[in-house]
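**Student:** One letter stands for each residue in the lines below.
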Amino acid sequence: MSADKPLLDIRELSVTYTSSNPAVTAVSNLSLQIRKGESLGIIGESGCGKSTLALSIMRLLKDVRTEGEILFSGVNLMDLTEQQLRKYRWEKIAIVFQNSLEVLNPVLTIAEQLEEPIWAHEKLTAKESNQRIIKVLNMVGLDPSWKNAYPHQLSGGMRQRVLLAMALVCEPELLIVDEPTTALDAASKNEIYHLLRDLQKRIGFAMILISHDVAFISRLTSQVMTMYCGQVVEYGRTSDVLKNPMHCYTRGLLNASAQFFRYKDLWGIGGKPPEEMRIYEGCPFAPRCCQSSDNCRKSRPELRYVALERQVACHKGGIETFLKAEGIKKSFQVKNRVIQAVKRADIEIRSGEVVALVGESGSGKSTLAHTLVGILSPDEGSVYFRGKKVENHWASRMMEGMQIIFQDPFSATSPRMKVLDVVKEPLDIMKWGSPEERNEAACRALEAVRLPVNPEFLERYCYSLSGGQRQRVAIARALVTNPKLVIADEITSMLDPSNQANILRELKGLQNRFGFAMLYITHELHLARKVADKVYVMHEGEIVEKGDASEVFEKPKHLYTRQLFSEAFYEESKG
Amino acid sequence: MAINAHLINISKKIGVLSDPKNLTAKAKGHCQKIAATIKSFTLLGKFGLTVVTFFVLLAVFAPLITVHPYDLPSGPPLMAPGEGHLLGTDDLGIDIWAQLCRGAKISIIVGLGTALLAGLGGGLIGIISGYVGGILDKIIMRLIDIMLVIPDFPVMILLAAFLGPSLTNIIIVLALFSWVSSARIARSQILMLKEKTYIKSAVLYGAGTWYLMRKHFLPEIFPLIAVQMIRLTGRAIISEAGLSFLGLGDPTSKSWGLTIHYATSFKGIYYTDFWKWWLFYPWLFLMLMVVSLAFISRDLERIADPRLRKK
Numbered sequence: 000m001s002a003d004k005p006l007l008d009i010r011e012l013s014v015t016y017t018s019s020n021p022a023v024t025a026v027s028n029l030s031l032q033i034r035k036g037e038s039l040g041i042i043g044e045s046g047c048g049k050s051t052l053a054l055s056i057m058r059l060l061k062d063v064r065t066e067g068e069i070l071f072s073g074v075n076l077m078d079l080t081e082q083q084l085r086k087y088r089w090e091k092i093a094i095v096f097q098n099s100l101e102v103l104n105p106v107l108t109i110a111e112q113l114e115e116p117i118w119a120h121e122k123l124t125a126k127e128s129n130q131r132i133i134k135v136l137n138m139v140g141l142d143p144s145w146k147n148a149y150p151h152q153l154s155g156g157m158r159q160r161v162l163l164a165m166a167l168v169c170e171p172e173l174l175i176v177d178e179p180t181t182a183l184d185a186a187s188k189n190e191i192y193h194l195l196r197d198l199q200k201r202i203g204f205a206m207i208l209i210s211h212d213v214a215f216i217s218r219l220t221s222q223v224m225t226m227y228c229g230q231v232v233e234y235g236r237t238s239d240v241l242k243n244p245m246h247c248y249t250r251g252l253l254n255a256s257a258q259f260f261r262y263k264d265l266w267g268i269g270g271k272p273p274e275e276m277r278i279y280e281g282c283p284f285a286p287r288c289c290q291s292s293d294n295c296r297k298s299r300p301e302l303r304y305v306a307l308e309r310q311v312a313c314h315k316g317g318i319e320t321f322l323k324a325e326g327i328k329k330s331f332q333v334k335n336r337v338i339q340a341v342k343r344a345d346i347e348i349r350s351g352e353v354v355a356l357v358g359e360s361g362s363g364k365s366t367l368a369h370t371l372v373g374i375l376s377p378d379e380g381s382v383y384f385r386g387k388k389v390e391n392h393w394a395s396r397m398m399e400g401m402q403i404i405f406q407d408p409f410s411a412t413s414p415r416m417k418v419l420d421v422v423k424e425p426l427d428i429m430k431w432g433s434p435e436e437r438n439e440a441a442c443r444a445l446e447a448v449r450l451p452v453n454p455e456f457l458e459r460y461c462y463s464l465s466g467g468q469r470q471r472v473a474i475a476r477a478l479v480t481n482p483k484l485v486i487a488d489e490i491t492s493m494l495d496p497s498n499q500a501n502i503l504r505e506l507k508g509l510q511n512r513f514g515f516a517m518l519y520i521t522h523e524l525h526l527a528r529k530v531a532d533k534v535y536v537m538h539e540g541e542i543v544e545k546g547d548a549s550e551v552f553e554k555p556k557h558l559y560t561r562q563l564f565s566e567a568f569y570e571e572s573k574g
Numbered sequence: 000m001a002i003n004a005h006l007i008n009i010s011k012k013i014g015v016l017s018d019p020k021n022l023t024a025k026a027k028g029h030c031q032k033i034a035a036t037i038k039s040f041t042l043l044g045k046f047g048l049t050v051v052t053f054f055v056l057l058a059v060f061a062p063l064i065t066v067h068p069y070d071l072p073s074g075p076p077l078m079a080p081g082e083g084h085l086l087g088t089d090d091l092g093i094d095i096w097a098q099l100c101r102g103a104k105i106s107i108i109v110g111l112g113t114a115l116l117a118g119l120g121g122g123l124i125g126i127i128s129g130y131v132g133g134i135l136d137k138i139i140m141r142l143i144d145i146m147l148v149i150p151d152f153p154v155m156i157l158l159a160a161f162l163g164p165s166l167t168n169i170i171i172v173l174a175l176f177s178w179v180s181s182a183r184i185a186r187s188q189i190l191m192l193k194e195k196t197y198i199k200s201a202v203l204y205g206a207g208t209w210y211l212m213r214k215h216f217l218p219e220i221f222p223l224i225a226v227q228m229i230r231l232t233g234r235a236i237i238s239e240a241g242l243s244f245l246g247l248g249d250p251t252s253k254s255w256g257l258t259i260h261y262a263t264s265f266k267g268i269y270y271t272d273f274w275k276w277w278l279f280y281p282w283l284f285l286m287l288m289v290v291s292l293a294f295i296s297r298d299l300e301r302i303a304d305p306r307l308r309k310k
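Here the protein sequences come in this chain order: U and P.
The first sequence: position 513 = 512 (numbering that gives the first Met the number 0), numbered continuously.
The second sequence: position 52 = 51 (numbering that gives the first Met the number 0), numbered continuously.
Every clue listed holds true.
Straight-line distance between alpha carbons at most 27 angstroms, and here's what the computed DSS-like set of lysine-lysine pairs gives:
1. U:K430 / P:K199
2. P:K214 / U:K417
3. U:K556 / U:K529
4. U:K328 / P:K199
5. P:K199 / U:K388
6. U:K430 / P:K195
7. U:K388 / P:K193
8. U:K323 / P:K199
9. P:K199 / U:K387
10. U:K263 / U:K188
11. P:K199 / U:K334
12. U:K417 / P:K32
13. U:K334 / P:K195
14. P:K32 / P:K214
15. U:K430 / U:K387
16. P:K195 / U:K342
17. P:K193 / U:K430
18. U:K91 / U:K4
19. U:K334 / P:K137
20. U:K507 / U:K545
21. P:K38 / U:K417
22. P:K199 / U:K342
23. U:K328 / P:K195
It is worth saying that the hints were derived from the structure and are not from the lab.
With the hints as constraints, model all of the structure from the sequences given.
**Tutor:** As structure tokens, this is what we get:
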């Protein structure tokens with residue numbers, strides 16, 4: 000099926016709305032191919048150009064400047080006249096419009112609505128067309144008796160079916176479905192899903208499914224494409240992309256989907272999409288990206304293959320790996336006994352992700368953390384930060400490096416020092432900027448962790464602060480260097496639940512805002528479940544299980560993990 | 000924008016605080032701190048401070064407040080306290096008051112000299128031992144153990160006799176036997192601080208040894224060493240008096256111990272009334288000084304050690 004020519008081949012398509020001033024480019028330089036019977040999902044936030052793409056394939060847009068080619072079975076739709084286009088529209092390519100009351104004409108009955116395309120394209124008698132309507136209504140699972148109803152008499156789910164019936168009435172080769180499930184409840188959503196799946200199997204049309212419902216896309220499509228600002232930023236097999244997104248934007252979309260992470264708090268992608276769809280010089284996602292650098296703002300990344308059947312438009316080749324540790328071993332000598340605290344641990348943290356390292360006390364979590372950051376040197380194995388081996392603390396003694404926040408708030412800051420001096424200490428040591436700049440950076444960090452920045456507070460000694468405040472000061476001190484990776488070692492375990500919740504939420508919020516990666520070490524599985532994207536489970540110095548938070552928490556594989564989780568999560572439900 | 004303006008405002012305020020023009024304000028702050036410290040002293044501590052201040056003033060202004068010379072006869076021998084001679088004279092007719100004022104100076108020099116040498120030197124050795132660790136630490140610790148078990152006074156007598164009587168020698172000998180305690184205190188503090196996470200963080204930010212010393216170790220250790228130094232001062236004054244009493248001090252130094260030595264070597268002093276001024280006053284001065292120092296050090300210790308502070 001895939002060897003032959005693609006059914007739809009879009010080459011370097013750009014669509015610019017000329018009616019508005021300045022002109023707005025909604026789709027820029029986009030190429031895609033779709034073969035017969037294939038299904039392609041397009042995901043992205045509202046306003047990223049998904050619907051414009053759909054409408055421009057149908058050539059339904061007015062007042063636009065369109066460049067590039069849209070080849071349908073080898074015919075360039077761009078060259079066709081309006082007259083010729085009509086033959087393609089609805090007969091070959093049909094669209095299921097976004098569901099709303101306005102899509103259907105309120106003064107026509109369902110049957111009349113459905114008759115329109117039939118009469119326009121095929122010369123059927125009234126009886127034949129009536130039969131066709133009943134057939135197609137049956138096909139979409141709507142009782143034919145509804146055909147004489149008016150649109151406002153139907154429920155949302157029924158209207159969606161009518162729209163689908165309208166699209167299918169001429170048996171198209173390519174079906175474009177635009178946001179079929181918005182505003183539908185779970186049951187109707189599920190019905191639409193079954194319907195689309197069965198119809199595609201039966202009729203064999205190719206399908207472009209546009210949705211911001213990632214879960215829906217994942218069940219229906221084989222390929223998926225992420226769009227941002229009118230560009231494709233990631234393209235690949237649906238299962239691969241959703242399991243292991245390689246563009247920060249795709250990951251952000253997935254993280255915002257409640258269906259994938261049942262327990263995790265929801266966080267949208269930080270920042271706003273550009274207000275006007277103008278063509279950016281650099282990568283359009285750079286301002287919101289957690290790993291952008293100067294380079295990203297200079298030139299626009301091309302869509303490139305980064306793996307088999309996987310294309311990503313990113314200067315860094317997709318989500319960057321910040322920390323990589325291989326074969327870490329660490330043992331301690333206690334009297335005559337050698338204690339193997341960490342036996343062969345591998346760990347990988349990518350930019351902008353929250354990795355939870357869980358395990359019971361004494362499983363070697365802290366030792367591993369201290370080894371990663373360089374307080375302890377490993378007996379074997381090595382740690383790499385952004386591809387470079389960590390030695391002599393180089394990664395932690397620079398801006399935008401890696402920082403650690405410790406467990407005990409009372410020992411984390413010197414009781415003798417003033418708040419301001421504590422927070423700006425890293426900057427003083429690094430000799431960064433002028434004293435005024437250091438003070439400002441320290442104040443900003445304190446504001447970020449919601450501590451007061453009035454001179455009275457800044458001049459207070461740390462011994463006069465509470466545990467929660469001191470932990471915030473310690474977090475501010477870590478954040479003042481704008482770290483790319485924060486290792487949080489049991490930072491909330493010595494705080495009361497309210498303080499714990501506040502600090503964790505704020506840290507996660509900061510993580511979302513600044514986009515740093517975080518290794519969150521804890522024995523509190525409930526907390527880990529709330530924040531983690533990835534989970535590593537540690538037991539007696541070994542990492543026994545690792546994987547996506549959703550998978551590990553839902554279906555733990557290792558015996559120890561299962562036991563640990565059942566103790567933590569199910570004990571209370573059993574009573 | 001509003002937040003930015005706010006931040007700039009704040010940083011300006013902070014700038015004012017660290018402005019060199021405001022150094023007087025800073026000094027004022029320090030004075031207030033010292034005043035607060037003194038205020039928190041116990042009654043005995045305040046008494047001690049008064050006495051020590053009195054002796055220091057006595058030592059500094061000795062030539063001004065004594066009419067008679069401290070090393071030449073200025074009246075009849077063995078005169079009882081009275082007119083002309085406030086505290087009487089000794090067997091050579093030298094004024095006792097002048098001698099004791101001079102002795103205050105010697106005692107303070109010996110005390111402070113020893114305390115500084117032993118306190119700072121010992122502290123430094125302790126810091127190095129704790130910070131560097133390893134084999135050096137082991138060597139130093141064994142050395143300290145040896146120093147602790149040697150009975151110090153007999154060895155001091157031996158050394159003083161061997162090196163010959165001079166003020167510098169006395170200070171060196173005393174310091175040689177008193178650095179141990181400060182070294183141990185400093186080492187234990189460093190060992191404890193090294194495990195604090197804020198020190199580890201500073202190391203991670205790339206702090207060097209010098210930065211850690213200046214910003215973290217010394218400010219933490221100094222108060223403890225200072226208390227130790229005051230204690231050492233008292234001990235040094237006693238030891239010097241002891242050595243002088245045994246005739247091993249500098250015979251020209253006119254320290255309190257030496258005055259007591261001369262008085263007690265006067266044959267039959269207890270059969271006369273001479274001891275009432277010749278022996279009593281140097282003893283009183285010595286005792287007051289040492290006891291006062293002990294009171295001060297006790298109070299300072301209470302302030303410097305947060306565990307004791309709570310009581």
